[in-house]
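Trainee: Make the full structure from the sequences, and use the hints.
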Amino acid sequence: MDALAALWDGAFGSAFAIWSATLVRATPLLLLGLAVALAFRAGLLNIGAEGQLLMGAVGASAAALSLGTAPRAIVVLAMLAAGATGGALWSGIAAWLKRRFGVLEVISTIMLNFIAAALVSWLVRGPLQEPTRIYPQSSTFSASAHWPFLIPGQRLHLGFAIGVVLALVLWWWFERTAGGFRVRAVGAGARAAASAGGVDVASTVMRVFLVSGAIAGIAGAAEVGGVTWALYEGLSPGYGYTAIAVALLARLDPRWIIATSIFFGALEAGAAAMQRDAQVPAVVVQIVVALVVLGVLAVTALRDKQMAQRLAVDAE
Amino acid sequence: MTREAALVLSGIRHRFGRTLALDDASIAVRRGTVHALLGENGAGKSTLMRIAFGMLRPEHGTIHLDGDAVAFASSAEAIAQGIGMVHQHFSLVSTMRAVENVALGARGRLDLAATAARMTAVAHATGLTIDPAAMSGDLSVSAQQRLEIVKALVRDARILILDEPGAVLTPDERAELDRWLRHFADGGGTVVLITHKVREALAVADDLTVLRRGRTVLHSARADVTEDAVIDAMTGESDVGAAWRIARTESDRPTAGAAALRSGATGTPVLALDHVHVVDERGVTRLADVTLTIARGEVLGVIGVEGAGARELLRVLAGRLLPSQGTVTRPAHVGFIPEDRLHDAVVPTFSLTENLALAEAGAARGTLDWRALVARTVDVITAHDVRNGAPERRIDTLSGGNQQKFVVGREDRIGLDALVAENPTRGLDLRAAHAVLDIVRRTGGGDVPSRAVVFYSTDLDEVLSVATRVVACFNGTVREVRPAEDPADRTPYARALVGAS
Amino acid sequence: MELLLLLTPFLEASLRTATPLAFAALGELVSERAGVINLGLEGCIIAGCFGALLAAGIGGPAIGFAVGVLSGMAIAAVFAIFVLVLRTDQIIAGTAMTLLALGLTGTLYKVLYGASGAALGTPTVGPWAVPGLSAIPVIGPALFRQSVLTYLLYAAVPTLAWWMHRTGAGLALRAVGERRAAAEAAGIDVPRVRWGAILFAGAFGGLSGATLVLAQVGTFNEGMSAGRGFIAIAIVVLGRWSVVGTAMAALVFGAAFALQYLFQALDVQLPYQLFIAFPYVLTLVLLAVVRGRTAAPLELGLRDGTR
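Protein chains in written order, with this note's numbering: chain H, 2 to 317; chain A, 2 to 502; chain L, 124 to 430.
Please keep in mind that the hints were generated in silico from the structure rather than gathered at the bench.
No residue lacks a Cβ here, since even glycine has one placed at the ideal position from N, Cα and C.
There's no promise every hint is true.
[To be verified] Here are the in silico distance ranges between beta carbons for each label pair:
(1) H:V300 with A:E177: 49 to 55 Å
(2) H:V300 with A:A176: 51 to 57 Å
(3) L:N344 with H:P132: 27 to 33 Å
[Claimed, not checked] Chain A residues, not near chain H, derived (Cβ > 12 Å throughout):
(4) A77
(5) D132
(6) G138
(7) S141
(8) D187
(9) K198
(10) E228
(11) E307
(12) A346
(13) V347
(14) D460
(15) R480
Mentor: In structure tokens form, the structure reads like this:
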């Protein structure tokens, strides 16, 4: 009970908990959840949001460090662009491997996650290490690279606003535009999309992979620009994996991802408090994540099974 | 129970989920006979025989084998009791050798040499020769069917169940199979032939049983029934049966329009192939140097066994496949009804409206006008009598026939100038099949501008009932078939299917 | 000369690191030949790691291995329920199982051993030199001064290859993966074969994890499987779905992991992250270069029960 109370307090117990803990943790989950949902909607199992986030963070950090004290608007925009590019570059490798060589994206993106972690580990001990060369991290960014806070006195930053706008745009795009419909069609039935609709499936999937990586890269930019103000190893406690649960729980609907990301953000924030106050390890979140994924899977499967049973005679 | 009854199923009831597939179905097969099990698609023929073969367990009813009540827990038990089944879609592992396929299901250590010896013995006894070392996927379709039968015989099958064996064979191969089945029955074996083709059944069977909607509606000796009586029993409605008979008769006499077209009075060309070659990703030539023109008002019938090139020909004409060489002339929009509906024509989890929108998904830009799409979906539903159709309804909640009517209606609107249909009546009952064929036949007339139609079917009768002229695919080449003096004579088509001129 | 002296320890280390990879890959091979791609393999490995650690601390290495194997099977059983009973997508279910196992083991480890992680006193299995054979120059010590697990692997490879090609059950397994309809028609109980294959993969995944803890690292840390399950899946592709090929491919990856020892010994100044990343990069490169797709079982990854 103590543990649950600690979890609740840590997530929603105070204004600070909400605006500076829960929603701050929800921000990367929101952006990554959108990245995952976009890919999954196209039938593309991008498990590489974690690595794409790290590469986005690398790109944004490089931009922030090289632009120094240029005007804030320019630096923040440059960080966004560099973050998106970093993420897209990383997912682009997996996309290329898939299209050119037919490498299963699940395996390639996971391998790329490990490679990205090693790359960050090297960068913060090598080229991007702070000048004293004591700590494995980059220098702290100048103030013009600090992303604006949304509420005075709270740590909620621009990244969250970007995430909410992106969610709504993505939803509209899926529902109302030809491009969004194409992506849904490719994900739900690639052969029919190609044969009945003349959709170029390979290019559609390729583009989705790049955009998905770019969105994940923006999540990385938001973390270094809005939270850490420096590039660290272990920047993400597995946000990229949690995002899979965020997206699946929302049934890949961008609007619902806003809600599910806040739910998991609260869980992460609460778990941190729980570990501190009630000595319950925070990795318990991973169990919840896995159970959510399995739960969604089971519910969907049972519904499909009922549907299949109703239709079984047609299969004859 | 008479002594000569080899296999008797009585009062069988079976459900798939909430759907009653069989309700009081019965069949009694005498030893030493060929017994045809007839019925429309979805009547429950295959289900009943899967029960006899132990693949499904009935909810109610009894099975007697040689007079003894049996209850099979699996097909392994049925096989052990001397029943063999050749499925409609062959159950061979194409990446394994023939001998491995025959050995499949054995327990303990494998002795492939002994299995190969058994195959040779069966070949000596029955004339069914198969090279044990051949890769199954490399065998011709008729050889694969032979291998399926050998598989059963090696296990000493006394009762052979064949599910639609004629569907994949050329007429000559069919005749050969019929001869063999007769020989097998004369030697004391028992054959159950599942088919929906009445003529095929009457040509070879001693007895027949007709199922309709999961019930046995007719059981008779061959000698005691007429073709009409069987058709009426299958359809249960004499009007549909009558329409069906008319269609049969038409197919025996190519229409006047066909004759006119052949005599040179052709309309404007709509589809044209000029020296087209198609090479697949494995480097195999699928179409070799095909030159072909199809004019407005024509229905080009295409025949060919599997792998002969018809699949590629249709896709090139429909613009779904780019040729490796040569030029294709075709209108911007060609309607296409592919054979594999659930994979190639619709997205099963999408609504009817979304499936309508799918047809233009590749070319569409900007935002979609869902309101207009819903209105057009309603149009298709009403114009083509799509039962239970509603714009927001998932298409996989419709029956196969209604799904197909929707697809045909959708493509009918797109393919104003040209329509390509591939086995469009597969799996449909007669009523739905007729609705589909009517659209295909309607090349124009009235104030509807006429169009070019390309029609492929594995059913030669069906092709002849709609086509104004026929081409045959063989080994990647496409050749026009000249009909015989007597329009009812099928010999030219049978010869064209095997590449003989 | 110096390089030659290093050859034996490098080979020895390659085989040692290849052993757990090979177990996992052989398990995955059996599962894939039955048409099931098990991305929960990583989860089976980490479960095996943790189970082995827990049980070895109580009952010694033998019990550790037994519990490690059972832990892997437990994860595999849940995966099998999802894939075979609920008939969900194999790839998503497998990924979820990996996440679940990583979370469960991490949590349990922290709860049981505290944040400090006090599992250093784990009993381990040392190398055992085969008398005679280990005296062969150069390769003797490399091949025959290994833990008993490596010897088990030597036995497992030919046994598995024989079973797969010379028994009815092996033929049935391959048929289920190539064309389930054919297997069904021959009276083979397809779900039972797949259950067996998935549980076998779980057992070998668990054995892989137990080997990692009890014969290699000697302790446990969170996420220590470090993608070995996914690498094992790549190994199966590189081995073109054959038993011997898979074992050989595992050896290549063992060498990739062992490369860091060689370079340390040679005193080459390269960032250590390069060695950490190397096996993953190698996986990507080899997956791209070796066009193994055509050898894949035809039913691989297809959802169960879609007739």
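Trainee: Does each hint hold? Answer for all of them.
Mentor: Each hint, compared with the structure:
1. H:V300 with A:E177: 49 to 55 Å: holds (53 Å)
2. H:V300 with A:A176: 51 to 57 Å: holds (54 Å)
3. L:N344 with H:P132: 27 to 33 Å: Check passed, 32 Å falls within 27 to 33 Å.
4. A77: holds (22 Å)
5. D132: Consistent with the label, D132 (chain A) stays out of reach of chain H, its closest Cβ about 33 Å off (over 12 Å).
6. G138: Consistent with the label, G138 (chain A) stays out of reach of chain H, its closest Cβ about 21 Å off (over 12 Å).
7. S141: holds (27 Å)
8. D187: Label holds. Min Cβ-Cβ 32 Å, cutoff 12 Å.
9. K198: holds (17 Å)
10. E228: Non-interface label on E228 (chain A) holds, nearest chain H Cβ at 25 Å vs cutoff 12 Å.
11. E307: holds (19 Å)
12. A346: Since the minimum Cβ distance to chain H is about 5 Å, A346 (chain A) lies within 12 Å and the statement is violated.
13. V347: violated (6 Å)
14. D460: holds (19 Å)
15. R480: holds (27 Å)
Violated hints, listed in ascending order, are 12, 13; each of the other numbered hints is respected by the structure.
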